[in-house]
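Visitor: Here is how the chains run, residue by residue.
Number of protein chains: 2
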Amino acid sequence: MQILRAKDEGFEAKFRKLVNSRRDSDPGVARDVAGIIAEVRARGDKALVDYSMRFDDHRLAPDGGDGWSISLDECKAAYDALETDLRDALELAASRIRAYHEAQLPTDRDYRDDAGIRLGARWNAVEAAGLYVPGGRAAYPSSLLMNAIPAKVAGVERIAVVTPTRKGESNPLVLAAAHIAGVDEIWRIGGAHAVAALAYGTNTIRPVDVVTGPGNAWVAEAKRQLYGVVGIDMVAGPSEILVIADGQNDPDWIAADLLSQAEHDPSSQSILITDDEEFAMQVGDCIDLQCAQLSTAKTARASIDAHGAMIIVDDLNDAVPLANRLAAEHVELAVADPEPLFGRIKHAGSVFLGRMTPEAVGDYVAGPNHVLPTGRRARFSSGLSVLDFMKRTSFIEVGDAGLGAIGPAAAALAHAEGLPAHARSIEERLK
Amino acid sequence: MQILRAKDEGFEAKFRKLVNSRRDSDPGVARDVAGIIAEVRARGDKALVDYSMRFDDHRLAPDGGDGWSISLDECKAAYDALETDLRDALELAASRIRAYHEAQLPTDRDYRDDAGIRLGARWNAVEAAGLYVPGGRAAYPSSLLMNAIPAKVAGVERIAVVTPTRKGESNPLVLAAAHIAGVDEIWRIGGAHAVAALAYGTNTIRPVDVVTGPGNAWVAEAKRQLYGVVGIDMVAGPSEILVIADGQNDPDWIAADLLSQAEHDPSSQSILITDDEEFAMQVGDCIDLQCAQLSTAKTARASIDAHGAMIIVDDLNDAVPLANRLAAEHVELAVADPEPLFGRIKHAGSVFLGRMTPEAVGDYVAGPNHVLPTGRRARFSSGLSVLDFMKRTSFIEVGDAGLGAIGPAAAALAHAEGLPAHARSIEERLK
Numbered sequence: 001m002q003i004l005r006a007k008d009e010g011f012e013a014k015f016r017k018l019v020n021s022r023r024d025s026d027p028g029v030a031r032d033v034a035g036i037i038a039e040v041r042a043r044g045d046k047a048l049v050d051y052s053m054r055f056d057d058h059r060l061a062p063d064g065g066d067g068w069s070i071s072l073d074e075c076k077a078a079y080d081a082l083e084t085d086l087r088d089a090l091e092l093a094a095s096r097i098r099a100y101h102e103a104q105l106p107t108d109r110d111y112r113d114d115a116g117i118r119l120g121a122r123w124n125a126v127e128a129a130g131l132y133v134p135g136g137r138a139a140y141p142s143s144l145l146m147n148a149i150p151a152k153v154a155g156v157e158r159i160a161v162v163t164p165t166r167k168g169e170s171n172p173l174v175l176a177a178a179h180i181a182g183v184d185e186i187w188r189i190g191g192a193h194a195v196a197a198l199a200y201g202t203n204t205i206r207p208v209d210v211v212t213g214p215g216n217a218w219v220a221e222a223k224r225q226l227y228g229v230v231g232i233d234m235v236a237g238p239s240e241i242l243v244i245a246d247g248q249n250d251p252d253w254i255a256a257d258l259l260s261q262a263e264h265d266p267s268s269q270s271i272l273i274t275d276d277e278e279f280a281m282q283v284g285d286c287i288d289l290q291c292a293q294l295s296t297a298k299t300a301r302a303s304i305d306a307h308g309a310m311i312i313v314d315d316l317n318d319a320v321p322l323a324n325r326l327a328a329e330h331v332e333l334a335v336a337d338p339e340p341l342f343g344r345i346k347h348a349g350s351v352f353l354g355r356m357t358p359e360a361v362g363d364y365v366a367g368p369n370h371v372l373p374t375g376r377r378a379r380f381s382s383g384l385s386v387l388d389f390m391k392r393t394s395f396i397e398v399g400d401a402g403l404g405a406i407g408p409a410a411a412a413l414a415h416a417e418g419l420p421a422h423a424r425s426i427e428e429r430l431k
Numbered sequence: 432m433q434i435l436r437a438k439d440e441g442f443e444a445k446f447r448k449l450v451n452s453r454r455d456s457d458p459g460v461a462r463d464v465a466g467i468i469a470e471v472r473a474r475g476d477k478a479l480v481d482y483s484m485r486f487d488d489h490r491l492a493p494d495g496g497d498g499w500s501i502s503l504d505e506c507k508a509a510y511d512a513l514e515t516d517l518r519d520a521l522e523l524a525a526s527r528i529r530a531y532h533e534a535q536l537p538t539d540r541d542y543r544d545d546a547g548i549r550l551g552a553r554w555n556a557v558e559a560a561g562l563y564v565p566g567g568r569a570a571y572p573s574s575l576l577m578n579a580i581p582a583k584v585a586g587v588e589r590i591a592v593v594t595p596t597r598k599g600e601s602n603p604l605v606l607a608a609a610h611i612a613g614v615d616e617i618w619r620i621g622g623a624h625a626v627a628a629l630a631y632g633t634n635t636i637r638p639v640d641v642v643t644g645p646g647n648a649w650v651a652e653a654k655r656q657l658y659g660v661v662g663i664d665m666v667a668g669p670s671e672i673l674v675i676a677d678g679q680n681d682p683d684w685i686a687a688d689l690l691s692q693a694e695h696d697p698s699s700q701s702i703l704i705t706d707d708e709e710f711a712m713q714v715g716d717c718i719d720l721q722c723a724q725l726s727t728a729k730t731a732r733a734s735i736d737a738h739g740a741m742i743i744v745d746d747l748n749d750a751v752p753l754a755n756r757l758a759a760e761h762v763e764l765a766v767a768d769p770e771p772l773f774g775r776i777k778h779a780g781s782v783f784l785g786r787m788t789p790e791a792v793g794d795y796v797a798g799p800n801h802v803l804p805t806g807r808r809a810r811f812s813s814g815l816s817v818l819d820f821m822k823r824t825s826f827i828e829v830g831d832a833g834l835g836a837i838g839p840a841a842a843a844l845a846h847a848e849g850l851p852a853h854a855r856s857i858e859e860r861l862k
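Respectively, the protein sequence lines represent chains A and B.
For the first sequence, the positions run 1 to 431 when our numbering is used.
For the second sequence, the positions run 432 to 862 when our numbering is used.
Check before you lean on any hint, since a few could be wrong.
[Claimed, not checked] Within a straight-line C-alpha distance of at most 25 Å, the following computed DMTMM-like cross-link-like pairs (lysine to aspartate or glutamate) qualify: (1) A/LYS17 - B/GLU470; (2) B/LYS729 - A/GLU427; (3) B/LYS777 - A/GLU127; (4) A/LYS346 - B/GLU533; (5) B/LYS862 - A/ASP85; (6) B/LYS729 - A/GLU428; (7) A/LYS17 - B/GLU558; (8) B/LYS777 - A/ASP110.
Derived from the structure by calculation, the hints contain no laboratory data.
Quantities reported herein were computed from a predicted structural model and do not represent experimental measurements.
All chains, full assembly: derive it from the sequences and hints.
Guide: Here it is, written out as structure tokens:
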């Protein structure tokens with residue numbers, strides 16, 4: 001884990017390198033994905049049958065029958081078979097996520113201004129949303145809840161999940177979460193071809209309007225390439241956490257927080273900023289000790305060694321501009337009074353306030369969405385919300401008097417821009 | 432102009448073709464743009480110097496000096512030199528756009544729920560926005576206002592405009608609009624290379640966080656490819672209008688409305704849906720008559736002939752599902768009482784209500800943004816707003832009691848997802 005000291009010469013260059021390091025680029029992926037999308041567009045279901053066999057060792061019947069979907073009854077059965085504590089935990093998570101997102105619902109506007117002109121905007125849900133749920137190790141029921149519940153709250157009529165089922169195996173927790181969230185369809189496909197199928201539709205799978213959800217580099221690239229054909233939530237990259245902590249924390253806690261991102265993926269990034277170098281060394285020791293006990297040790301170790309960093313500053317106030325430049329997905333403020341620091345954090349996906357708010361609690365049950373911008377994208381984008389499943393239609397009603405008041409100015413500008421039909425559509429009405 | 436009758440056999444197939452027709456795809460553009468972006472990334476200013484000479488016949492000094500920028504003093508001078516009526520028109524437009532967009536500013540949330548857990552979200556503006564303003568025929572001061580004012584209202588600190596100045600020539604109206612809107616920088620570059628410069632930055636031009644604004648197919652493709660490196664407003668395509676009109680309208684007015692989109696570009700699309708075929712024929716005649724008088728006749732004629740359509744329905748209520756499938760950028764409801772139709776329109780960029788609201792009034796002075804989703808993207812996206820220049824940071828403060836209440840559920844889910852460090856970060860704190 002590299003250590004940067006703010007007072008050392010060369011700190012700025014080292015920090016800039018940290019800020020600009022990309023952990024997710026691979027030009028080969030873009031080419032592969034473009035090919036896969038073209039195949040799905042051209043061959044539809046046939047391409048899905050081929051790719052599912054090749055990538056997931058899963059057979060889809062050529063006629064769109066056997067192997068394609070998981071029924072809602074199977075989801076109900078998975079839910080009923082859950083141990084009580086897990087079922088209660090999923091239900092608690094779902095209800096808290098629902099409550100937080102219901103408060104995000106936007107309000108319409110409809111008013112008349114001083115000129116008597118009626119103006120406003122109305123929000124509507126998209127008709128259909130496709131949710132990507134990764135298979136294998138990253139098949140997280142929490143992600144299904146975090147994507148499906150905002151769509152449901154937004155009022156989306158049709159929610160279609162795609163998830164790869166390697167050798168036909170599905171994850172009962174994911175199916176139970178699908179039951180709780182109330183999804184409408186579950187398709188046993190994954191990868192870039194699943195995203196393409198959702199975007200363009202095939203004989204078996206109807207197209208959707210928005211595709212959201214996490215995925216590997218191929219899935220992320222497919223969403224990026226299909227943006228515009230469908231709406232997408234964001235371009236997601238490897239997870240990251242920035243912990244800003246003073247020396248009064250239990251180093252064991254902070255080590256666990258850093259490891260909780262590191263265990264996601266070797267390309268995850270965990271950074272600690274502290275004003276206490278001795279504390280930082282203790283955290284480093286705790287990381288080593290904990291790592292030895294984790295079933296995810298190999299992944300966590302690789303992430304910490306390749307991308308982890310500790311930054312020693314003179315004063316924790318100096319951490320804020322660094323945090324704003326990093327614009328991290330998750331920012332923990334592990335201090336007694338986090339408010340002054342929080343007030344100056346402008347760029348972050350989500351902020352976790354105080355010593356008793358480990359980031360992991362936000363992954364599951366706190367309520368806010370855990371789908372957050374990564375790779376410095378918190379500079380310009382936000383976590384997933386109901387707004388990702390809605391869109392706004394503005395409207396204007398000018399009327400006779402209103403057109404008399406503002407029409408001539410519009411016509412003058414239209415003439416100045418060399419658009420005579422624009423001007424005429426107003427002038428004819430003013431006659 | 433093709434005519435489709437809803438009661439004719441084969442209508443559904445013809446209408447579906449209209450819905451699915453793409454007017455903006457060209458695979459060669461994507462390849463060219465990828466090459467240009469790579470050049471700008473690798474060679475920075477030098478690439479801009481080369482491309483500006485090649486595409487715009489405009490010389491940029493290699494040292495970032497002469498030819499690169501237009502000063503704010505030049506913008507002020509252009510404003511001062513404007514004819515009074517144009518200056519007043521621009522000021523009226525700016526003040527109405529400002530008022531509409533100020534009301535869009537989102538409110539932060541900060542509350543404690545029943546479990547005593549503090550939750551919320553804070554909105555911040557992006558630090559820097561880049562606005563693309565086309566050169567040549569499509570150099571519209573109205574577009575500058577529609578992009579810059581929402582950014583300014585959002586609180587963006589640095590607004591950088593890029594605009595190609597062919598042979599060094601700039602548009603005084605655009606400069607005057609820049610003065611009114613209060614932009615901070617104007618760079619004399621355009622095309623895909625200008626978008627790449629804004630996204631990655633060069634020695635002369637600092638990078639921005641969001642790029643918005645209209646442009647040709649190369650500019651649109653550059654924005655699409657750079658999405659994720661920067662935020663973008665949307666993938667814009669050719670303009671379009673859908674007019675739903677009964678037979679009680681003046682056919683001359685409706686013809687002008689249809690032509691006002693057609694005159695933008697040969698790939699623009701104008702569609703009329705009416706329940707009165709005789710009226711449709713009159714509109715067609717008026718289009719022919721007006722076209723002969725327009726300075727933009729060649730463009731308008733090409734658009735009408737290639738993409739224009741009239742759809743005859745039995746009842747105007749039947750127009751609504753067709754409108755929702757078309758999800759047009761602009762929808763006019765030219766009827767005496769537009770409200771019942773409007774209430775059922777779910778997918779549209781902007782709706783213009785009643786006989787006295789020509790779309791063109793919304794292009795300039797009504798207040799709502801004229802940057803709207805095209806190519807059926809109103810199914811999932813919205814017009815430009817202050818939200819495009821802002822982002823939301825969620826936050827969580829759990830505390831001792833809160834962690835006791837929801838921590839165990841989070842830890843249970845973390846274990847179930849195979850993420851032991853997540854669980855440990857909670858369990859250590861619960862001890």
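Visitor: Could you run down the list of hints and mark each one as holding or not?
Guide: Tested hints:
For the proposed pair A/LYS17 and B/GLU470, the alpha carbon gap of about 22 Å is at most 25 Å, so the pair holds. Distance restraint check for B/LYS729 and A/GLU427: the Cα-Cα separation of roughly 22 Å lies within the 25 Å cut-off, and the hinted pair is therefore satisfied. Between the alpha carbons of B/LYS777 and A/GLU127 the distance comes to roughly 9 Å, so the proposed pair stays at or under 25 Å and holds. Taking the CA atoms of A/LYS346 and B/GLU533, the gap is near 21 Å; set against the 25 Å cutoff, the hint holds.
With a CA separation close to 19 Å, the supplied pair B/LYS862 and A/ASP85 stays within the 25 Å bound. For a cut-off of 25 Å, the pair hint linking B/LYS729 to A/GLU428 stands: about 22 Å separates their Cα positions. Restraint check for A/LYS17 and B/GLU558: the C-alpha separation of about 21 Å stays at or below 25 Å, so the hint holds. As the CA atoms of B/LYS777 and A/ASP110 are separated by approximately 16 Å, the hinted pair is consistent with the 25 Å bound.
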